[in-house]
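*Asks:* Whole structure, please, built from the sequences with the hints as guidance.
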Amino acid sequence: MLLHDLWEGVVKLLFPPLCLVCERRLEEAGQKVCPDCWTSLVPFDDQLFEQKHVPENLTAIYPGFIFEEKIQTIIHALKYRGYRSLGFSLGELVGSRVIDKLPQEGIGLVPIPLHLLKLRERGYNQAAAIAEGFSRKTGIPLVAQAIKRVKNTVTQTQLSAAERQINMEGAFAPGRIDQLRTIHTIVLVDDVFTTGATMNSAAEILKKAGVGTIIGVTVAAPI
Amino acid sequence: MNLKYILERMPLVIVFGAYAVGIVLARMELANQLLWIVLALVGLALGRLPWRFNGIGTLLLAILALGGLNYSHNVHFGANHLSNYHFTGEPDSIRAMVEESGINERCEQKVRLTDIRISHGSVAWYAYEGKMLLTMRSVTPRLRYGQEIKFMACLREPARRRNPGEFDYRRYLFNHHIFAVASLDSNQAPVILGQKGFWLRRWASSTKSGIETLLDKGTSGETNAILKALLVGVKGEISDETIQQFVDSGVIHVLAVSGLHVGYVTLVILVLLGLFRVPRRPKTVIAILGLAFYALMVDLRPSVNRAVIMAALLLISQAWELRVNTYNTVAAAAFLQTLFNPFQLFDMGFQLSFLAVLSIVFIYKRLDEMLLAVIKDFFIKRPILRSVYQLFFVSFSALMGTLPITIYYFQRIPLIALLANLIVVPLVGVICALGFAEVILGAIWNEFNLTYGAAQMILVEGLQRFIRFVNQVPYSSFEVAAISISQVWLCYVILSMVLFLNKRRVRWAFVCFLLVGLNYWVWLPIFNPPALRVTFLDVGQGDAIFIQWPNGENMLVDTGERTFRRDYGKLVIAPFLKRQGIKQIDLLVLTHPHGDHIGGAPYLLRHFKVSAIWQSPIEGKSQLTNEIAHLIDSLNIQESKIYAGDYLAVGQEGVVYALHPSATFCAYNYPGYNDYSIVLKCVYHNQTILLCGDAEATAEEYLEGWGDFLQARVIKVPHHGSATSSTASFIAIVKPELAVVSVGEKNKFDHPSSETLSRFQAIKAQIHRTDQQGALALRVTSDGWKIQPWH
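Residue numbers (the working numbering), protein chains in the order written: chain A, 176 to 398; chain B, 789 to 1579.
Don't read these hints as lab results, they were simulated from the structure. Treat each hint with caution, since some may be false.
Below are the DSSO-like pairs computed for lysine-lysine, each with C-alpha atoms no more than 27 Å apart in a straight line [said to hold, decoys possible]: (1) A:Lys-187 <-> A:Lys-227; (2) A:Lys-276 <-> A:Lys-326; (3) A:Lys-293 <-> A:Lys-187; (4) B:Lys-1371 <-> A:Lys-187; (5) A:Lys-276 <-> A:Lys-383; (6) A:Lys-293 <-> B:Lys-1071; (7) B:Lys-1409 <-> B:Lys-1358; (8) B:Lys-1429 <-> B:Lys-1409; (9) A:Lys-312 <-> A:Lys-227; (10) B:Lys-1358 <-> B:Lys-1371; (11) B:Lys-1371 <-> B:Lys-1429; (12) A:Lys-312 <-> A:Lys-323; (13) A:Lys-245 <-> A:Lys-323; (14) B:Lys-792 <-> A:Lys-245; (15) B:Lys-1023 <-> B:Lys-1005; (16) A:Lys-254 <-> B:Lys-1153; (17) B:Lys-792 <-> B:Lys-1169; (18) B:Lys-1429 <-> B:Lys-1358; (19) A:Lys-187 <-> B:Lys-1071; (20) B:Lys-938 <-> B:Lys-898; (21) B:Lys-1358 <-> B:Lys-1534; (22) A:Lys-187 <-> B:Lys-1536; (23) A:Lys-254 <-> B:Lys-1071; (24) B:Lys-898 <-> B:Lys-792; (25) A:Lys-245 <-> B:Lys-1153; (26) B:Lys-1552 <-> B:Lys-1409; (27) B:Lys-1169 <-> A:Lys-254.
Because the structure is a prediction, the values reported are computed rather than measured.
*Replies:* And the structure:
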């Protein structure tokens, strides 16, 4: 016990635990973002869901939170600063928010895949991490590698909606489609939904493979 | 920015701060070991109490005491410590383990030995704590870490500092736990008995020599030496001249293995492990082990330790999703190193390395915040200019942050570094990258080694040429006077104020500070009256006396000896003058043409502006006197033959009289030069100093003719205290209070003679011997003379 305390003390000295969002001291070990910041995220409510434009290949789109500064910081840490575990936490949060909107049977989770080069560079797929947390919360099984990314697309942050569309053309290809035989509904998981170009492009492949309903779930989306 | 803010974000900065203060206080011998223990216990005990004392303050007190304790524990030596060894001057049998060994450009092997056992002629071996430094005049056998060797040698105490401001070799070795030195001639090779020590370090050490052999095959000459320094930190083989060029142009930092190298090593390991799809956390662990191996390979230099610790913390934070703070990481590296060896805090490499990193992090950030947005925009929007901009300001920040201690250690402002770094840093980056590729691929196939080697020859040659070119640029670097430690601190206070000038409170503080400073400057001369400063330098067997008059004029009487191995003009006098920012000698007096008085003159004539020279009327006939005559001629220096009665007034209160030799004396043909020495009487107010050169009894007899005019409070004892000088009648007239004997240790003439010394003792004169006490600094005012301590 003393040794454990000592060890924790040393770790805290070397790596002062601070909330990624508000930079305040974290009390419990293993936390990355303080409870206050988690609860202060702005949920994407039902009214907003209806207003959201749904791309052609999707049936519905359920973002967990409104895209603002705090959630942006968290997603940024997940994507670019190596905080993979944030993906699990985000997935669980989003899962608990949207679970009652999803059917119970014949459903599977497909994270938007990363191109192999990007995956090597980052070490993990952030969408897969989110999907894993989501699956843990909702019990919906993961359908890994149903689709794959064949084009190493450029980052979309600077592109317009039309440019994104072109950028995403032919970005995905069918992977192990045989897994989809018993599944009628697919939940596509990604970090942020902006214009829906990525989701739409991925959904197109799934639709061709014969999936009836495709629902998009993301951590956040702008209003 | 309050304490809580810092404690939450960078707790180790505070911890290390308290710890370092403890070390410094212990260095100043403010408390002994027992007191530190008590202080630590008090801190801990108070910290445990549940009431008002419980807080960070008491804990910091305990940490401060830990620093003090760690330092004093390391200087508290037992009876079996080398510092308590009885240095007899007789050869002993010594067994020891090699800790580190390097070859210098003079083909000597410098070996640091630890785990020392000495046998004093008997069979028994006595173990000693502490380390020693062995200088071998041969490069074979090439010694490596872990080898146990046996040899016969005389143990000596490390040389003390002999002149004011001189590099303190003993202190330097002390900081590295070295308490004895010895040397072996080229025909005395030590016997290698076996292997000892830590296996991993032995392995690292043999890897290093493998790399050195590889580089020897691929490259040659100075390129080879520079490459070895860049890749494995072996700096010794680079010539002093090249090192000086690196120092002068302010790019010496690239020769210290540090962040750049650690970055490359990390990259290589991570890429290799990535190819084998090693998961993130095992990859991190292996990378850190690899870095530790590299640190062992380059003999755990402070700069590389710093970089390795920082890199390891960064890697861990990434793999385990932990937050890092750069200042906290820097403090962690400093704390860890000084925990093992508190002396490191006083090591130049340690200080420069940490200050450079802190400056790059802190000053760069501040500058970036303070710079005008217009300028920034212009550069940031252009990718090529952006990197130039960043590199320039990084190097500017590093220069600013390290300038005070650069001046402290090197008395130099390498202004050109700002521009030189723009080329040198990227170039060294490329050379290192190619070097690592050369070593890795060359180990597999020799052809690679040769090919890369050829490319490296070109690049390193380019680097050298560039640095040589940079050194020729006028005003590329300024030599300045040395500053004291308190002045270094003052510089940092001013620097931090300047960096926060945009804060209102700091601005006020700065204004107050300036006012106080100006007042101090104005009032200083009133509390500190003008004085004549006389320094009898320790130049071994010989004379060199430097005199500074209150009006700023200076004179040097004699210049010490020049032998095949050492030129005191270069070794002692020039550095002494440079430390005080003196570039001009107003009057150089060469009392008589003997080597131990004029040997240093050629170097000084070449490197300082000498306005006038006084010489004895007697002509010397040696290569040395010809060289000096030639230099005087070509430099067009005003030269005078001095006879008794010549004099020079200096300012309002000072006069220099020549009392000897007179023209009539010169008409006689006395044997030797000594009796023709110029004898000077320096008068300041009513105080007199008599400088007698090498005058002997014959000259003294003539001098006695001056009668009471000979009287002096301080005398430079004639002819190094020889038995044939300082006759009783002569010193009875002079009546000195202080007699300075400028003489070398164990000189072949047996100076000073005990009879002469007893003659001075008889008239109750205080005696100072440079062979025993080193240089003597005097401060003479109208009230009398005072010895200025400088040790």
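*Asks:* Each hint should be assessed against the structure and marked as holding or not.
*Replies:* Now the hints, each set against the structure:
Restraint check for Lys-187 of chain A and Lys-227 of chain A: not satisfied, since their Cα atoms lie roughly 44 Å apart, outside the 27 Å limit. This hinted pair does not check out: Lys-276 of chain A and Lys-326 of chain A have alpha carbons roughly 32 Å apart, beyond 27 Å. This hinted pair does not check out: Lys-293 of chain A and Lys-187 of chain A have alpha carbons roughly 32 Å apart, beyond 27 Å. Restraint check: the Cα-Cα separation between Lys-1371 of chain B and Lys-187 of chain A comes to about 55 Å, which exceeds 27 Å; the hinted pair is violated.
Of the supplied pair hints, the one linking Lys-276 of chain A and Lys-383 of chain A holds, its CA atoms being roughly 24 Å apart against a limit of 27 Å. With a C-alpha separation of about 19 Å, the suggested pair Lys-293 of chain A and Lys-1071 of chain B falls inside the 27 Å cut-off, and the hint holds. At roughly 23 Å between alpha-carbon atoms, Lys-1409 of chain B and Lys-1358 of chain B fall within 27 Å of each other, so this suggested pair holds. Under the criterion of a C-alpha separation no larger than 27 Å, the hint pairing Lys-1429 of chain B with Lys-1409 of chain B is consistent with the structure, at around 16 Å.
Restraint check: the Cα-Cα separation between Lys-312 of chain A and Lys-227 of chain A comes to about 25 Å, which is no more than 27 Å; the hinted pair holds. Restraint check for Lys-1358 of chain B and Lys-1371 of chain B: the C-alpha separation of about 14 Å stays at or below 27 Å, so the hint holds. Taking the CA atoms of Lys-1371 of chain B and Lys-1429 of chain B, the gap is near 24 Å; set against the 27 Å cutoff, the hint holds. Only pairs whose Cα atoms come within 27 Å are accepted, and Lys-312 of chain A paired with Lys-323 of chain A is accepted, the gap being roughly 25 Å.
At most 27 Å may separate the alpha-carbon atoms for a hinted pair to count; Lys-245 of chain A and Lys-323 of chain A exceed this at roughly 30 Å. Under the criterion of a C-alpha separation no larger than 27 Å, the hint pairing Lys-792 of chain B with Lys-245 of chain A is consistent with the structure, at around 24 Å. This hinted pair checks out: Lys-1023 of chain B and Lys-1005 of chain B have alpha carbons roughly 18 Å apart, not beyond 27 Å. For the proposed pair Lys-254 of chain A and Lys-1153 of chain B, the alpha carbon gap of about 25 Å is at most 27 Å, so the pair holds.
Distance check on the hinted pair: Lys-792 of chain B and Lys-1169 of chain B sit about 38 Å apart at the alpha-carbon level, beyond 27 Å; violated. Restraint check for Lys-1429 of chain B and Lys-1358 of chain B: the C-alpha separation of about 26 Å stays at or below 27 Å, so the hint holds. At roughly 23 Å between alpha-carbon atoms, Lys-187 of chain A and Lys-1071 of chain B fall within 27 Å of each other, so this suggested pair holds. Proposed proximity of Lys-938 of chain B and Lys-898 of chain B is supported: the alpha carbons are some 16 Å apart, at most 27 Å.
For the proposed pair Lys-1358 of chain B and Lys-1534 of chain B, the alpha carbon gap of about 22 Å is at most 27 Å, so the pair holds. Distance check on the hinted pair: Lys-187 of chain A and Lys-1536 of chain B sit about 66 Å apart at the alpha-carbon level, beyond 27 Å; violated. Taking the CA atoms of Lys-254 of chain A and Lys-1071 of chain B, the gap is about 20 Å. The hint holds against a cut of 27 Å. The straight-line distance between the Cα atoms of Lys-898 of chain B and Lys-792 of chain B is roughly 49 Å, outside the 27 Å bound, and the hint therefore fails.
At roughly 25 Å between alpha-carbon atoms, Lys-245 of chain A and Lys-1153 of chain B fall within 27 Å of each other, so this suggested pair holds. The straight-line distance between the Cα atoms of Lys-1552 of chain B and Lys-1409 of chain B is roughly 40 Å, outside the 27 Å bound, and the hint therefore fails. For the hint pairing Lys-1169 of chain B with Lys-254 of chain A, the CA-to-CA distance comes to about 25 Å; that is within 27 Å, so the pair holds.
Consistency with the previously given hints fails for numbers 1, 2, 3, 4, 13, 17, 22, 24 and 26, ordered from lowest to highest.
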